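K.L.:
Line by line, the protein sequences are chains R and A.
Mapped onto the working numbering, the consecutive letters of the first sequence carry residue numbers 23 to 136.
Mapped onto the working numbering, the consecutive letters of the second sequence carry residue numbers 372 to 487.
Worth flagging that the hints you see were computed from the coordinates, not collected in a lab.
Computed from a predicted structure; not experimentally measured.
Treat the hints with care, since some could be wrong.
[To be verified] From the structure, some residues in chain R lie toward chain A, with a derived Cβ separation under 7 Å: (1) Tyr55; (2) His63; (3) Gly64; (4) Leu65; (5) Leu67; (6) Tyr72; (7) Tyr86; (8) Pro118; (9) Phe127; (10) Gly130.
The C-beta atom is built at its ideal place from N, Cα and C for all residues, glycine as well.
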Amino acid sequence: EAAVTQSPRSKVAVTGGKVTLSCHQTNNHDYMYWYRQDTGHGLRLIHYSYVADSTEKGDIPDGYKASRPSQENFSLILELASLSQTAVYFCASSDPGPGDSDYTFGSGTRLLVI
Amino acid sequence: AQKVTQTQTSISVMEKTTVTMDCVYETQDSSYFLFWYKQTASGEIVFLIRQDSYKKENATVGHYSLNFQKPKSSIGLIITATQIEDSAVYFCAMRERNNYAQGLTFGLGTRVSVFP
């Protein structure tokens, strides 16, 4: 079954440290996204990509970098983690089309920065 | 820019009754897609139902249905015969046809608690 897999599922990071969140999809989708969810809030778009080796800024890109080395893989990088980046991060993949649910979400990565 | 607003932060209902959630949206695009997702207690985000703006009929899937009022930019979710396992946070989201690459814009969510 097609899926989006995120790793790690949870992580504790130290302020100022580097954090890499990984996402792998088997949907053969061109589009991939990183969203951030804060407690009690909806999802906000950080970065997205529609082709390998290219990424675009979303609504809240500050403090984050992204990398899309292949169609299947999309990483989110926090070069200098800060307390304010404590959140749950979701990866998603999609492709345009008439079918329902053209977005598939991963299970999320819970990040705690201390 | 597109915007999605869910004003109800939480709703409590008795099992086997009907619950209705509101969502209003803003967009400059004449063609767009509206979605409802459910986030379970484990954090999983599950697709429920979708409405395409050019369709006049309200979408229905299982015990989920939509109340699409295009002139009011409103897309309500109706869950009939609620079950305990319907307890979750429900998100309304939208995507403009001409802005596919930037993905979905989400509302803040409505927490539904179903009691026996």
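K.L.:
The structure should be examined with respect to each hint, and the outcome stated for every one.
P.N.:
Here's how the hints hold up against the structure:
1. Tyr55: holds (5 Å)
2. His63: holds (6 Å)
3. Gly64: holds (4 Å)
4. Leu65: It holds, given that the least Cβ distance between R:Leu65 and chain A is near 5 Å, below 7 Å.
5. Leu67: holds (6 Å)
6. Tyr72: holds (5 Å)
7. Tyr86: violated (15 Å)
8. Pro118: Given a least distance of 5 Å, the restraint on R:Pro118 holds.
9. Phe127: holds (4 Å)
10. Gly130: holds (5 Å)
Going through the hint list in order, the structure does not satisfy hint 7, though it satisfies all others.
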